[in-house]
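Chemist: What follows is the residue order along each chain.
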Amino acid sequence: MKSNIQLHPNGRLRHLLTIEGLSRDILIQILDVAKQYAVLPGEPVKRSRLLQGRTITNLFFENSTRTRNTFELAARRLSADVLNFDESTSATAKGETLLDTLHNIEAMHSDMFVVRHNESGAAHFIAEHVAEHVSVINAGDGRHAHPTQALLDMFTIRQYKKDFTPLKVAIVGDILYSRVARSQILALNTLGVTEVRIIGPRTLIPTEAQVLGVHVYTDLREGLQDIDVVIMLRLQKERMMKDVLFPSESEYFRQYGLTAETLEWAKPDVLIMHPGPMNRGVEMTSEVADGPHSVILEQVSYGLAVRMAIMSMCLGEMP
Amino acid sequence: MKSNIQLHPNGRLRHLLTIEGLSRDILIQILDVAKQYAVLPGEPVKRSRLLQGRTITNLFFENSTRTRNTFELAARRLSADVLNFDESTSATAKGETLLDTLHNIEAMHSDMFVVRHNESGAAHFIAEHVAEHVSVINAGDGRHAHPTQALLDMFTIRQYKKDFTPLKVAIVGDILYSRVARSQILALNTLGVTEVRIIGPRTLIPTEAQVLGVHVYTDLREGLQDIDVVIMLRLQKERMMKDVLFPSESEYFRQYGLTAETLEWAKPDVLIMHPGPMNRGVEMTSEVADGPHSVILEQVSYGLAVRMAIMSMCLGEMP
Amino acid sequence: MKSNIQLHPNGRLRHLLTIEGLSRDILIQILDVAKQYAVLPGEPVKRSRLLQGRTITNLFFENSTRTRNTFELAARRLSADVLNFDESTSATAKGETLLDTLHNIEAMHSDMFVVRHNESGAAHFIAEHVAEHVSVINAGDGRHAHPTQALLDMFTIRQYKKDFTPLKVAIVGDILYSRVARSQILALNTLGVTEVRIIGPRTLIPTEAQVLGVHVYTDLREGLQDIDVVIMLRLQKERMMKDVLFPSESEYFRQYGLTAETLEWAKPDVLIMHPGPMNRGVEMTSEVADGPHSVILEQVSYGLAVRMAIMSMCLGEMP
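Protein chains in written order, with this note's numbering: chain W, 168 to 486; chain P, 168 to 486; chain B, 168 to 486.
Hints are computed from structural coordinates only; laboratory data are not their basis. A hint or two may mislead.
Label-pair distances were calculated between CB atoms; the ranges are [said to hold, decoys possible]:
#, chain 1, residue 1, chain 2, residue 2, range
1, B, Lys213, P, His296, 44 to 50 Å
2, P, Ser190, W, Val206, 55 to 61 Å
3, B, Gln392, W, Leu266, 28 to 34 Å
4, B, Gly220, P, Gly220, 17 to 23 Å
5, B, Asn230, P, Thr332, 49 to 55 Å
6, P, Glu299, W, Thr361, 47 to 53 Å
One side of the interface only, derived from the structure: several residues of chain W facing chain P at Cβ under 8 Å [claimed, not checked]:
#, residue
7, Leu217
8, Arg243
9, Arg364
10, Met445
11, Ser468
All C-beta atoms, glycine included, are put in the ideal place defined by N, C-alpha and C.
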């Protein structure tokens, strides 16, 4: 997959489709720009007129109110207009092709598409076909990538740990089906952490794990040893019903649930992250979720800043 | 239920969850502020930049486009940003707890939650758990309260009758299941009207009616005698199907429907109110609904002003 | 049907319900105003503060995200507030009458209703009942009219052909059920084209075709001879299932599909138009849809300009 499609000839960011092919410099630049927009819950929001007169379109083929709202808020805080197309109920269902849908909305003068689709490669496909002035952000495509989630995770880690180099980071859960995990692993490696581990049942570890440059653990305690950051993945309950590879909920918690006890295997200043929505009592106990190591809500706040940064870098002059 | 949670330590309004525990002074203050925003249909809308930069989130666990739109319009006329979360189709359905949903949205920097929920006490519960700078408005919770509706009714009465003290007000219909009625009775008593009557079939009168300080009538004509204001409740047809306590639609109209004839029992300058949506030919004839005593559409217009007042008192400097 | 309801006593446009009864002068004026707002895809959008402080309400009783979004964008680019009521899921379903719904929303201070309804005459009915300061735009009612679509088609023709007088225009497809075709025929005749032809299976030609002042062809090649503009209608697949009058999809394409070959019967500089969403391989080949004669995406861009023009003429001072 060509990923230099993501950059303008001069090296500036045009699309954000995947972490693959993005240099350490670009990732750091995104995190630096995001820092200017970042505020914690309760602090006054930062706004800008940078994208006034621009139109950003949420093109969601897969329903996700939460994600769509974060992009809508980010766009509005940069003074852009926002259009929402929920294509699961729209013209695509009437037999129109994806490209025709795209070009139609583009003809309404959209400057950016934020795309979510249940097929891997959908955002790439769209990026290959938009007009020259249009940018595309991948808000999750199939099992492939979810780069804005990965970048907000990186931003959160950087806020607390400053330097990526010495870190050992563990990703726990259903790696096999997770577009979030794929993007996180790529970002962590590009940013030069010491070690990335994935921890989960053998059946949920992708076979190409070695290729990804990660260390595989099936035992939680063992995998947590000496770890600086733990990223829990969401257990997708809807998959448990139909998939024999999957353990039961309580069995999963018993083996991979984060508790005060299992957490003791990690470093004393370990960070606990989760992309949400969380299943309390499955991925972790409430004690851990609400405890001093958890930065789960900070991730949400920083997510807005990171999305504002990406939008302003793709569409605006550099702030 | 503690209701002083609704006030800041200095006595200023922070949340609006219920009329219970609010003083006459606070209610009058809300009505006074609303007066500055009030315009009749067709008059130019009043706008303000008071809440520029603030984010107001509609968090509706129970579908009501009409109500949500009134809050959205009120917020926009104060220059706030508005987020809509329809949680019946969202992350709560994926196993996330109400509090996690709340804290997630809060982390996107929401300054106010407008909450509608089919369980009594939901707005209170949320208000007890939000961060210090966040306000909560109850837009209807179960059978418990619907304070903004009650306040817009009070505002409408005040526009036409000036002084609450001498008034006799009748509420007609399904009091038992009505959160609107509960809030109206509390507001009317706090504002010091002479008498509040409730009129309806014995089976739809709550047993604690005496406690509420109202006079109960099962005969419409008797109850209307000497009355200044009649507030009709909406007959919820969906309940008629499953509830044996409920009379048939035509039987209900025959006994409790407002007609030119039954209206003659009230005072000559009686006001007719209804929260909408109205079932013509059930709660009242079209002759009454469109007649000179009806202020039903004025209620809608004033509803915007009252919501703007509450938002600006909770979030803004006092205008 | 009275159509002068569409004009103020001084002749200025108040509503846009149908092309019927509108003079050539008014149509030309709309096209002239639209020219000021028109930009092609990729060009910077034109904005105006003309409708700042005004509220425009999309009142859609029939679901159409695409159409609703074009009106929402047009309104926002004129700085108006926009309210969306999807009445298929709203209070009308609770037994409220259409007029009560209307008056309720009007009482929230709406200056314009954009109405889409599956019953012919719905927009007219609403226009007859709104308050004096309120305008109504018909965004499609049953089989009756879709005047904004017809006007954007006229605008597109004018951009490329300058003068309507010498033109021969063919409309191809399911004329019988098409509100778009009815509006297009009226507009073309009012603007004084030389000839309007309709081309389609005998079963899909309305019996009053002669009255409409059009020439009927059942053979595509014959109908295309000497033609300047071809407007393809959308084949509504959903109708094919239940309607015996309707040919199969492939049979339809074989007889009425536009191809490089059939296009040769038209003039060398023929324009190809389609209201979208398009069924490629049914109404036309991809070669034609993406070919040099196609102005399908330009129609979408110009659609925004035409809607902005109508809104600003109905609500604003003349720009």
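Chemist: A separate judgement is required for each hint: does it hold in the structure or not?
Modeler: Verification of the supplied hints:
1. B/Lys213 x P/His296: 44 to 50 Å: Because 47 Å falls inside the window, the suggested range holds.
2. P/Ser190 x W/Val206: 55 to 61 Å: violated, 36 Å
3. B/Gln392 x W/Leu266: 28 to 34 Å: This hint holds: roughly 32 Å between Cβ atoms.
4. B/Gly220 x P/Gly220: 17 to 23 Å: holds, 20 Å
5. B/Asn230 x P/Thr332: 49 to 55 Å: holds, 51 Å
6. P/Glu299 x W/Thr361: 47 to 53 Å: 39 Å Cβ-Cβ, so the 47 to 53 Å window is violated.
7. Leu217: violated, 16 Å
8. Arg243: Holds. Min distance 6 Å.
9. Arg364: Status violated, d = 26 Å.
10. Met445: holds, 6 Å
11. Ser468: The hint holds - W/Ser468 has a Cβ within 8 Å of chain P, the shortest such distance being about 5 Å.
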